[in-house]
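Chains as they are written, first to last, in our numbering: chain A, 387 to 448; chain B, 387 to 448; chain C, 387 to 448; chain D, 387 to 448; chain E, 387 to 448; chain F, 387 to 448.
What the hints contain is simulated information worked out from the structure, not anything from laboratory work. Treat the hints loosely; a few may be bogus.
Where chains are identical, the list cannot tell them apart; a pair therefore holds if satisfied intra-copy or between any two copies.
Below, simulated DSSO-like cross-link-like pairs (lysine-lysine); rule was C-alpha separation at most 27 Å, straight line [unchecked claim]: (1) Lys441 / Lys412; (2) Lys412 / Lys401; (3) Lys412 / Lys423.
None of these values were measured; they are calculated from a predicted model.
There are 6 protein chains.
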Amino acid sequence: MPVITLDIGITSLEKKAALVKELTAKASEITQIPEDKFVVLINELERDNIGIGGKLLSEIMK
Amino acid sequence: MPVITLDIGITSLEKKAALVKELTAKASEITQIPEDKFVVLINELERDNIGIGGKLLSEIMK
Amino acid sequence: MPVITLDIGITSLEKKAALVKELTAKASEITQIPEDKFVVLINELERDNIGIGGKLLSEIMK
Amino acid sequence: MPVITLDIGITSLEKKAALVKELTAKASEITQIPEDKFVVLINELERDNIGIGGKLLSEIMK
Amino acid sequence: MPVITLDIGITSLEKKAALVKELTAKASEITQIPEDKFVVLINELERDNIGIGGKLLSEIMK
Amino acid sequence: MPVITLDIGITSLEKKAALVKELTAKASEITQIPEDKFVVLINELERDNIGIGGKLLSEIMK
Chain A
387 MPVITLDIGI
397 TSLEKKAALV
407 KELTAKASEI
417 TQIPEDKFVV
427 LINELERDNI
437 GIGGKLLSEI
447 MK
Chain B
387 MPVITLDIGI
397 TSLEKKAALV
407 KELTAKASEI
417 TQIPEDKFVV
427 LINELERDNI
437 GIGGKLLSEI
447 MK
Chain C
387 MPVITLDIGI
397 TSLEKKAALV
407 KELTAKASEI
417 TQIPEDKFVV
427 LINELERDNI
437 GIGGKLLSEI
447 MK
Chain D
387 MPVITLDIGI
397 TSLEKKAALV
407 KELTAKASEI
417 TQIPEDKFVV
427 LINELERDNI
437 GIGGKLLSEI
447 MK
Chain E
387 MPVITLDIGI
397 TSLEKKAALV
407 KELTAKASEI
417 TQIPEDKFVV
427 LINELERDNI
437 GIGGKLLSEI
447 MK
Chain F
387 MPVITLDIGI
397 TSLEKKAALV
407 KELTAKASEI
417 TQIPEDKFVV
427 LINELERDNI
437 GIGGKLLSEI
447 MK
């Protein structure tokens with residue numbers, strides 16, 4: 387029962403559905419673990435909650 | 387200072403209080419680590435943010 | 387498909403089996419989600435990898 | 387590419403910016419890994435979603 | 387800087403390299419975030435540290 | 387009870403002690419939460435278990 391966790395910025399429903407579908411398919415193909423064993427958790431984070439190189443993403447994207 | 391993290395769908399306040407109380411009690415009893423050392427983090431996720439077997443939970447529950 | 391993650395010190399096989407069994411049972415009872423939907427991940431950490439109040443657990447336990 | 391994840395109560399923008407800046411600087415100084423390799427993820431949790439010693443933080447802070 | 391975390395059983399080097407390559411490529415394609423922004427963390431767990439439906443994976447696989 | 391989790395490559399005991407001490411001190415100073423409420427979890431990962439830009443860190447560092 388592998389768990390794939392995605393920490394990512396705010397993402398559209400279409401992209402979330404595609405991520406769940408495609409990452410599960412790829413990971414199942416590579417590991418030979420059946421797709422129905424995979425759990426995907428999508429943790430959407432605001433740009434004020436992601437830091438890169440010591441700066442908030444919201445500052446970087448300004 | 388063990389940390390118990392719950393990734394779970396949206397959950398009522400009553401159930402969250404019960405989860406924190408009961409999981410801490412059980413884990414403390416089994417590990418013999420005092421209850422007051424336990425931290426519980428409840429990560430509530432929308433059904434659009436949980437994938438099972440390559441499908442969003444929001445599609446599965448339709 | 388809720389996921390319970392335990393970050394904890396090194397733990398015996400017996401205690402890990404009991405934690406998985408009992409935490410799943412309690413969480414299932416409270417949330418009314420069937421037991422077979424629960425995944426538990428046990429992340430065992432050495433005392434040199436846990437810090438409390440600014441000190442490593444290995445220093446505190448000396 | 388170290389990842390620093392903070393699970394913390396609701397926090398002001400100023401404090402989040404300071405946390406990202408200062409934790410990255412300190413961690414880079416200690417590990418000698420350049421600052422721009424660090425990712426910080428801030429997971430803000432409501433007091434109803436944090437448990438300490440078997441009680442919700444929202445009950446403790448009442 | 388999205389972070390993909392995989393909690394999975396013990397996995398060969400070849401499969402880990404393939405997972406990192408393919409999951410990054412797919413996630414980049416879907417989100418339009420450049421591949422070099424992605425971090426993948428692979429958390430390998432022994433079968434004694436994974437529980438499904440209240441049982442350790444090591445018991446289930448016996 | 388904030389939790390700081392570090393996902394990082396293999397790190398010496400001295401550096402881990404310094405990380406726990408300094409990150410706790412900084413985070414406490416910024417958030418005004420007492421140091422003794424902080425838990426730090428250090429998740430050391432082999433270079434075969436970290437991916438950046440679709441490549442394992444072990445390949446990048448060759």
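Status of each hint after checking the structure:
Taking the shortest Cα distances, lysine 441 and lysine 412 sit within 27 Å of each other only across copies (14 Å), while inside one copy they are farther apart (33 Å). For the homomeric pair lysine 412 and lysine 401, the shortest alpha-carbon distances inside one copy (16 Å) and between copies (11 Å) are both at most 27 Å. Taking the closest pair of Cα atoms, lysine 412 and lysine 423 come within 27 Å of each other both inside a single copy (13 Å) and across two copies (20 Å).
Checked against the numbered hints above, the structure violates none of them.
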